[in-house]
Amino acid sequence: MSAPSKRILTPMRRVRGLGAAGSGTEHFWHQRVTSFALISLTIIFVVIVVSLLGRNHAAVVQVLGSPLVAILMLLFILASVYHMWIGMQEILIDYIHDDKLKLFVVVTNTFFCIVIAMGCVFAILKLSFGV
Amino acid sequence: MADTTTPLRPRPLSPHLQVYRLTLTMAMSIVHRITGTALYFGTMILAWWLIAAAVGPNAYSNVEWFMGTLIGKLILFGYTWALIHHALGGVRHLIWDLGYGFEEAEREMLTLATLVGSVALTIVVWVIGYFAMGGLR
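Going line by line, the protein sequences match chains A and B.
Counting from -7, one number per residue, gives the positions in the first sequence under the working numbering.
Counting from 3, one number per residue, gives the positions in the second sequence under the working numbering.
Bear in mind the hints are in silico, worked out from the structure with no lab data behind them.
Among the hints, erroneous ones may be present.
A few chain A positions that, by computed beta-carbon distances, are all more than 10 Å from chain B [claimed, not checked]:
(1) 5
(2) 9
(3) 43
(4) 45
Computed spacing ranges between beta-carbons, pair by pair [as the list claims (entries may be wrong)]:
(5) A:122 to B:17: 51 to 61 Å
(6) B:21 to A:51: 20 to 30 Å
(7) A:20 to B:79: 24 to 34 Å
(8) B:17 to A:84: 14 to 24 Å
(9) A:92 to B:136: 29 to 39 Å
(10) A:51 to B:22: 47 to 57 Å
(11) A:94 to B:106: 29 to 39 Å
(12) B:130 to A:58: 15 to 25 Å
(13) B:137 to A:84: 27 to 37 Å
(14) B:129 to A:19: 29 to 39 Å
(15) B:125 to A:1: 17 to 27 Å
(16) B:98 to A:81: 31 to 41 Å
(17) B:99 to A:0: 13 to 23 Å
Covered by chain B, according to a simulated footprint, are these stretches of chain A (three or more residues, beta-carbon under 8 Å) [to be verified]:
(18) 52 to 58
(19) 69 to 79
(20) 104 to 117
Quick reminder that beta carbons are idealized off the backbone N, C-alpha and C, glycines included.
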């Protein structure tokens, strides 16, 4: 520490408050955690899709609706959507410099990801619980 | 502030991509973003497939028809490669995050392995898929 700050906030308080942004490295870390999870989930997803190739609708419904497959598909979708939400936001913030346009596309990214997640999750739950 | 007469010097800019010689690691870094973006929009197909399966046989046959067309197959093939390439690229980044593989030979090898591995695995998945669809018909 060099010259003591005139501010009343201690360095520890500033770190805990995470400064003006109000957030720190969560996205960086969550991107790594989801990517690690997605290594195995992606392999599982590819195996499920390949095993369903050429099967008729009734067979596809039965497989996708079975508990183990449904749970694995849900994990793949949720991890993927969170991962792609962070990734796309990072790309948009990097390349779009106009503040209002940036705000618009970042929010659009969030809406897109929520719609995709909701659509996929609802479809799988409907295949699982029927009706 | 508003009445300042002396024009400000333009702020210095840090050099961007175009000033550097293109290297393989750099190209693969850009491809990682491109494949990620492709997969982002590819989730619409995943959602369409799942929702169609949930809606019923007619909706599902529409997806099957589209995926059987040349454009559908090309999209699906591109999606397969993008998924595998992005996954392998992700593993490479995790290796780097842990502090390994930064020697010149290592990082070139890892980067080349991502490219060659993704093409090879994509072909393997499609050959398996081809036989799953019933092989030669």
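Taking the hints in turn, this is what the structure says about them:
With a minimum CB-CB distance of about 30 Å to chain B, residue 5 (chain A) clears the 10 Å threshold, and the non-interface call stands. Once the 10 Å rule is applied to beta carbons, residue 9 (chain A) is consistent with being away from chain B; the minimum gap is 27 Å. Not every Cβ of chain B is farther than 10 Å from the Cβ of residue 43 (chain A); the closest lies at roughly 7 Å, contradicting the non-interface assignment. The Cβ of residue 45 (chain A) sits about 4 Å from the closest Cβ of chain B, inside the 10 Å cut-off, so the non-interface label is violated.
As the Cβ distance of residue 122 (chain A) to residue 17 (chain B) is approximately 59 Å, the hint placing it in 51 to 61 Å holds. In this structure the hint that residue 21 (chain B) and residue 51 (chain A) lie 20 to 30 Å apart at CB is violated, the actual value being about 56 Å. At about 32 Å, the CB distance of residue 20 (chain A) to residue 79 (chain B) agrees with the hint of 24 to 34 Å. Checked against the given bound of 14 to 24 Å, the beta carbons of residue 17 (chain B) and residue 84 (chain A), roughly 22 Å apart, stay inside it.
A hinted range of 29 to 39 Å is violated for the C-beta pair residue 92 (chain A) and residue 136 (chain B), which are about 53 Å apart. The beta-carbon spacing between residue 51 (chain A) and residue 22 (chain B), approximately 52 Å, falls within the hinted interval of 47 to 57 Å. Here the CB-CB span from residue 94 (chain A) to residue 106 (chain B) is close to 37 Å, well matched to the stated 29 to 39 Å. The beta-carbon spacing between residue 130 (chain B) and residue 58 (chain A), approximately 21 Å, falls within the hinted interval of 15 to 25 Å.
Distance hint check for residue 137 (chain B) and residue 84 (chain A): the Cβ-Cβ separation is about 44 Å, which falls outside the suggested range of 27 to 37 Å. Between residue 129 (chain B) and residue 19 (chain A), the C-beta spacing of about 38 Å keeps the proposed range 29 to 39 Å intact. Evaluation of the 17 to 27 Å hint for residue 125 (chain B) and residue 1 (chain A) yields a failure: the beta carbon distance comes to about 58 Å. Look at residue 98 (chain B) against residue 81 (chain A): about 22 Å separates their beta carbons, and that is not inside 31 to 41 Å.
Residue 99 (chain B) and residue 0 (chain A) have their C-beta atoms about 38 Å apart, which leaves the hinted 13 to 23 Å range violated. Chain B is given as covering the region 52 to 58 of chain A, and this holds because 3 residues of the stretch bring a CB closer than 8 Å to a CB of that chain, at least three being needed. Requiring three or more residues with a Cβ within less than 8 Å of a Cβ of chain B, the coverage given for the region 69 to 79 of chain A holds, as 5 such residues are present. As drawn, the region 104 to 117 of chain A meets chain B at 6 residues by the rule of a beta-carbon pair under 8 Å; at three or more, the given contact holds.
Of the numbered hints given earlier, the model fails hints 3, 4, 6, 9, 13, 15, 16 and 17; all others are met.
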